[in-house]
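Given the coordinates of chain E, assemble chain C onto it according to the supplied hints.
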Amino acid sequence: MLISVASGKGGTGKTTVSTNLAYALGKRAVILDCDVEEPNAHLFLNPEFEETENVTTKVPVVDMARCTLCRKCADICRFRAIAVAGKTVLVFPELCHSCGGCFRVCEPGALSEGLRELGDVEKGVSGDLGFVKGTLRVGEAMSPPLIKKVRTYHDLSRINIIDAPPGTSCPVIAAMRGTDFVLMVTEPTPFGLHDLKLAVGAVRILGIPHGLVINRSDMGDDKVRDYAKAEYIPVLMEIPFDRRIAECYSRGGLIAAMVPEWKESFMELFQKIQSQVLS
Amino acid sequence: MRELVVISGKGGTGKTSLTAAFAALSRNSVLCDADVDAADLHLLMNPETVTCTDFKAGNEAIIDKTLCTECGMCRELCCFGAISQEYVVDTIACEGCGVCVDFCPVKAIEFPVKTCGEWYRSDTRFGPMVHARLGIAEENSGRLVSLVRQEARDYAEKNGHDLIITDGPPGVGCPVIASLGGATAVCIVTEPTVSGLHDMERVIRLAAHFKVPGMVIINKYDLNPDMAKNIECLACERNITVLGRIPFDPGFTKAMVQGKTIVEYNPSSTLTDTVKTMWQAIITSPVMNARGIMDFSQSIKS
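Heads up: the sequence lines are chains E and C, in that order. Note that the numbering used here gives residue 64 to position 64 of the first sequence, counting from 1, and the numbers run on in steps of one. Add 1000 to the 1-based position in the second sequence for the numbering used here, that's all there is to it.
Just chain E, with the same shape it has in the complex:
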């Protein structure tokens, strides 16, 4: 089973929910940190990494000795990653989407494959729990190909928990697409509600069953609950604001590890997700 944990707004508690849920499930689960711009799950689960894969993407490299300056590569590139200037060809590898168009049109065979580093994927364990983490290279703009790579590490014999990035655009889509359930974590504030509506819009485009966790549920107002009711989105868990929870988080602690009742609550959360997926 693939469960993605998403939110729209950042800082609502995605990582809190995904790490505690994964911890509660233990050896039955694998956590995949797909928030590759700012991966945080490792700070709470302290995994031991066993392998690292460097992830790259193919970009063109020009051999000027063979180039006839025909401009076909520059013409086909919709991302302006190749330009012909005077008697030279300029490549801007950071703009390249690796579509392969330039290689196809280059008749003299002046282009060879170079590599741009996207980041890395690390695989390991935290106790019995499987752990996979993607880290985007600082300065790299394109996270979706790396997120897709992290997702290839899933283990379908176990419960895969995907910690998704915030927002509603292509990185989140790459993390949620094809998952069996999206657990949306929000807070009952105007910002939380506004961004939740956008996230629900994205999940509905993808047609994935979804449910809600309301974090810091006693701060703010009731509009998130009203919205969930009106839209028939099940509220699967509420976590009240508790300074001790916030302090525990600040140190990199897990409430499910500290308080047995919370571990049970996260197990119940999983059972609710399971029955939602099966129904």
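Honestly, the hints are just simulated from the structure, not real lab data. Accuracy of the hints is not assured; some may be wrong.
[Claimed, not checked] Simulated crosslink set (DSSO-like; lysine-lysine; CA at most 30 Å straight-line):
| hint | chain 1 | residue 1 | chain 2 | residue 2 |
| --- | --- | --- | --- | --- |
| 1 | E | K87 | E | K123 |
| 2 | E | K197 | E | K58 |
| 3 | C | K1260 | E | K72 |
| 4 | C | K1056 | E | K148 |
| 5 | E | K72 | C | K1056 |
| 6 | C | K1260 | E | K197 |
[Unchecked claim] Label pairs and their calculated CB-CB ranges:
| hint | chain 1 | residue 1 | chain 2 | residue 2 | range |
| --- | --- | --- | --- | --- | --- |
| 7 | C | T1115 | E | R80 | 14 to 22 Å |
| 8 | C | F1248 | E | G201 | 26 to 34 Å |
| 9 | C | P1247 | E | D218 | 13 to 21 Å |
| 10 | E | R137 | C | N1289 | 43 to 51 Å |
| 11 | E | G201 | C | R1125 | 41 to 49 Å |
| 12 | C | Q1280 | E | C70 | 58 to 66 Å |
| 13 | E | R137 | C | Q1085 | 31 to 39 Å |
| 14 | C | Q1280 | E | K229 | 40 to 48 Å |
| 15 | C | Q1280 | E | G207 | 46 to 54 Å |
| 16 | E | R137 | C | Q1258 | 40 to 48 Å |
Heads up, the beta-carbon is just placed ideally off N, CA and C, and yes, glycines get one too.
Leaving out everything else, chain C in the frame of chain E:
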């Protein structure tokens, strides 16, 4: 023209609440919301839209079934797996590279320009604002960020504003990169948690890469004063001015529920005083006032 970009790395640290407070405290500034993916600043600013413009970026392949011979060329060439066995383009997977369009032997693929969202020029009680809405599940967030920043700059220059305050996106990817180039300085809003520190370290490296000077605010510092110290140490090591600490205060949430900035919600509180002191420190800071090489020849003669 000076532009202060408020970023954080980690989401939910208080970027937008503080940006809105700064807008309330500033004079003659233009507000810009560069968090186009999940824009929230308008919820505190209650803007009145003056102009609304479609944001068109990139193209989308559409297969004309009446012309398609199902030869399989497009499916073979597409590096994004965006064309189904039934020869329908998956619009979410399509990156708009146009390779299928160019190589289709019967020219059966159309390639119209996509509308990915819209951007607005608005008026607020604190002055003009430029903001946008990226369509759900759309691409090109970086381009839209660049667009709103450029429009804010153009508007400021034409109308005699000398400062832009930009609410930036979380993370370190495409939209953050687009919000940093050419900024005068960044104000990093962080929180004293393991993730706050971790994410701030990454966004600092990004800002350093773009040679943008930085300042930092530690929000909710009292949740973990030791971690707040670690953040100050990191700031010190990286030549980043620490503007100060803000305690955890439910006032921010209460103000948000009323659609107000903290400065309006509770004008005579110590919290408001702290935010005011920070804004003074930002606006008088050397990085915001270094104008580079100027021509002083006239003033030197006299």
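Quiz item: If you check the beta carbons of R137/E and Q1085/C, does the distance land in 31 to 39 Å?
Solution: Distance hint for R137/E, Q1085/C holds at roughly 35 Å.
Quiz item: Within a Cα-Cα threshold of 30 Å, do K1260/C and K72/E meet the stated pairing?
Solution: 55 Å, violated
Quiz prompt | Hint check for Q1258/C and R137/E - Cβ pair distance inside 40 to 48 Å | solution = For R137/E and Q1258/C the Cβ distance comes to about 42 Å; the hint holds.
Practice problem: Quickly compare the C-alpha distance for K1260/C and K197/E to 30 Å and report which way the hint goes. | Solution: Holds: K1260/C and K197/E sit about 21 Å apart, inside 30 Å.
Quiz prompt | Distance restraint hint 41 to 49 Å, applied to the beta-carbon atoms of G201/E and R1125/C | solution = For G201/E and R1125/C the Cβ distance comes to about 29 Å; the hint is violated.
Quiz item: Regarding the pair K87/E and K123/E, is the alpha-carbon distance no greater than 30 Å?
Solution: Roughly 46 Å separates the two Cα atoms, so the pair is violated.
Quiz item: Within 30 Å, alpha carbon to alpha carbon, are K72/E and K1056/C?
Solution: 25 Å, holds
Quiz item: Would the pair K197/E and K58/E pass a check requiring their Cα atoms to be no farther apart than 30 Å?
Solution: 37 Å, violated
Practice problem: Kindly confirm whether 14 to 22 Å is satisfied by the beta carbon distance between T1115/C and R80/E. | Solution: 20 Å, holds
Practice problem: Could you tell me whether the CB distance from Q1280/C to G207/E stays inside 46 to 54 Å? | Solution: 51 Å, holds
Quiz item: Per the hint of 26 to 34 Å, is the separation of the Cβ atoms of F1248/C and G201/E within bounds?
Solution: 32 Å, holds
Quiz item: Taking the beta carbons of R137/E and N1289/C, is their distance inside 43 to 51 Å?
Solution: 34 Å, violated
Checked against the numbered hints given earlier, the structure breaks hints 1, 2, 3, 10 and 11 and satisfies all the rest.
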